[in-house]
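S.K.: Sequences are here, hints too, so could you generate the full structure?
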Amino acid sequence: MKGKMWVLCAVGILACLFPAIASYSSAAEQKEIRVGAILDLTGMLSPIGVDSQKGIMLAFEKAGYKIAGKTVKLIVEDGASDPNTTMDKTRKLVETNKVQLIIGPIHSGACAVMAPYLDRVKVPQIGISCNNDELALKHKWMFLTAGLLHQFTYPAGVYACNKMGYKTATTLATDYVAGHDFTAGFVDGFQDKGGKVIQQQWFPEKTTDFTPYVVSLKKSDCFVPWLAGNFAFSGLRQFKELGVKMPIIEPEDGGVTVSPPAIKELGNLVKDITTAAIYAYTLDTPGNKEFVQAYKDKYNVLPGPMSGGGYSSAQVAMAALEKTRGQGKPEDLLEAITNVSIMTVRGPISYTKEHVGISTTWIFKIDENLVPQLVGQGRTRADKVGDKMVVKLIE
Amino acid sequence: MDVLAVVILGGLSYGVVLFLVGMGLSLVLGLMGIVNAAHGVLFMAGAYFGLAVAKQTGHFWLGLAAAMAIGALAGLVIERGLLRRLYNHQLEQILVTFGFMYIVTNLHLWIYGPRPKSALVPQALAGSILIGQFTFPVYRIAVIFAGGLLCLVLWYLQEKTKVGAIIRAGMDDPQMARGLGINLTPVNVGAFCLGAGLAGFAGFAGAPVLGGANLATGTEMFFTAIAVCIVGGVGSVQGALAGALLIGVATIFVGAYLPDMATYVTYMLMVIVLLFRPAGLLGAK
Chain A
1 MKGKMWVLCA VGILACLFPA IASYSSAAEQ KEIRVGAILD LTGMLSPIGV
51 DSQKGIMLAF EKAGYKIAGK TVKLIVEDGA SDPNTTMDKT RKLVETNKVQ
101 LIIGPIHSGA CAVMAPYLDR VKVPQIGISC NNDELALKHK WMFLTAGLLH
151 QFTYPAGVYA CNKMGYKTAT TLATDYVAGH DFTAGFVDGF QDKGGKVIQQ
201 QWFPEKTTDF TPYVVSLKKS DCFVPWLAGN FAFSGLRQFK ELGVKMPIIE
251 PEDGGVTVSP PAIKELGNLV KDITTAAIYA YTLDTPGNKE FVQAYKDKYN
301 VLPGPMSGGG YSSAQVAMAA LEKTRGQGKP EDLLEAITNV SIMTVRGPIS
351 YTKEHVGIST TWIFKIDENL VPQLVGQGRT RADKVGDKMV VKLIE
Chain B
396 MDVLAVVILG GLSYGVVLFL VGMGLSLVLG LMGIVNAAHG VLFMAGAYFG
446 LAVAKQTGHF WLGLAAAMAI GALAGLVIER GLLRRLYNHQ LEQILVTFGF
496 MYIVTNLHLW IYGPRPKSAL VPQALAGSIL IGQFTFPVYR IAVIFAGGLL
546 CLVLWYLQEK TKVGAIIRAG MDDPQMARGL GINLTPVNVG AFCLGAGLAG
596 FAGFAGAPVL GGANLATGTE MFFTAIAVCI VGGVGSVQGA LAGALLIGVA
646 TIFVGAYLPD MATYVTYMLM VIVLLFRPAG LLGAK
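As you go down the protein sequences, you meet chains A and B in turn. All residue numbers for the first sequence refer to my numbering, where the first residue is 1 and numbers rise by one. All residue numbers for the second sequence refer to my numbering, where the first residue is 396 and numbers rise by one.
It should be emphasised that the hints constitute simulated quantities derived from the structure, not laboratory data.
Now the in silico label distances, taken between C-beta atoms and shown as ranges:
| no. | chain 1 | residue 1 | chain 2 | residue 2 | range |
| --- | --- | --- | --- | --- | --- |
| 1 | A | G267 | B | G543 | 29 to 35 Å |
| 2 | A | G267 | B | L471 | 33 to 39 Å |
| 3 | A | K92 | B | Q570 | 49 to 55 Å |
| 4 | A | D88 | B | W456 | 42 to 48 Å |
| 5 | B | Y659 | A | D272 | 34 to 40 Å |
| 6 | B | L471 | A | K70 | 51 to 57 Å |
| 7 | A | N268 | B | L457 | 21 to 27 Å |
EDC-like, lysine to aspartate or glutamate: derived pairs with alpha carbons at most 16 Å apart:
| no. | chain 1 | residue 1 | chain 2 | residue 2 |
| --- | --- | --- | --- | --- |
| 8 | B | K450 | A | E265 |
| 9 | A | K329 | A | D119 |
| 10 | A | K206 | B | E615 |
Backbone N, C-alpha and C define an ideal beta-carbon position, used for all residues, glycine too.
M.R.: In structure tokens:
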């Protein structure tokens, strides 16, 4: 009887304490804002994935890991440049870590796989780079910060025709979504201004030898290759070795051509190349000098395009979370991100109602000192017209 | 005509790199029946380590020697450390070497970082020759000749030396070879290290042909080496050469003239050979 009394008392005391414990936990939780980041830290996109991680962490460090007086817990996972791995990590961040939003990844295939799930669980994703039309047309919870793939490269096509005076072009790109869409944007811009694309070639994803594509190149005013990551290292070398003389203008730099660590490896292979990028360390945007210095102090290297991309996307996340104070319904956060309009190190960032970034394309030429010099820019937006996304040059 | 010449030379130089990496896997598979899934990362390790040594010392040839040495050393670690306990356990061999592949890849990520490394070419071979409207690097022509020479040396070793005879005996009938008093263990270890060293050598020597060293080559080169073994046949220099050159030249040829088929060339060759000559073009019938 005595023993039973003790047990009953213990249970009673615990029952009284439980609401206090529960409220303490939720209070603790409310004091903390959880932000997830899925980045391509290994695999094909690892060089630019690691850069984006550095940029994101620097942004949160600058804010002292605090938003609206609350502590920010940043949970970074490796998507491994692989859609399946990314999906597993997305589930973990949402279901185990209970993040309010996710930054990244860069891999467009991985973003496509995450999108339906994030729509279902109502967790917004803030992209770092460009992405394809389907995400904008079908998925409400994805934010394409740098715009659509073909939207981003449209100004490069316009620039090649208008400013560089090229009338014909031959293209070469990786045979998957990003390669096709990046090239399509350039082609649209080029042809809209009266240029003619006389040849388009596509190489398989695992290509290491570009000999067959170089020997098949048709002579034109400019050569327009899109080479991301590892391909840039083999491609640029082989173009030179095999005697490609046409001036090179890249529709997008693939995270390589304006990246200082990559330039260090490639050396003169990038000299005189004109390319479009979301960011370079030479930009004269508000706050960029301070960002470049802070990045260099922390990591002992100058920031690449995805470093600036990651930093800017983190700035977007922080601005939206500041607005909601890290609480409220998911729809409140969605609206806050949609209404973000801030100046970042890569220029102004805002979104259309389809959550597509109103994007600045910066155009650089790598000079003889291997420094990316800003030579042009274009600002575009993409809006839904019927069942398509239509791109418009606004500046 | 100049297009054809460049395509053939490009295919041959690519094929020679495939021969060097495929030969090692073919030797180990033929002699010991082991599918070394870590073979591709030996190629990658040779490329990275060789480039690091060459850039540090300023000597290409030192880098080449270092690449071969690191491949052979890694081979010794794999064979003596992991595989000697797993003879006749093929599934376990594949699993263990697969795991080793991931470990080595991540080790390289940790040591060298995620970015690819650009290749080095010795000054004497740094130029290009003019072929019609194109230029073709002298280095890739040197690779073709060097590969041919190495092929002759390996063939001589295989066909005309006592060591080669022992290796062939071990491949054909290991029980009989042991019965005749031949200790196959040092032969197996030696062959494994030779194969691994060849992979490391191929990684560094092939880096200028493939555009540098990157972390993806570990897995990519393993599957390509498997294709070389399937197409050419396992366990012989001639088989590895035939398989490698066929895949190399076909890949470049198809890429130039039938680009839509470029993704499938290697797999199509494998299917055709498996259908009509399952042992490989020059494998035992």
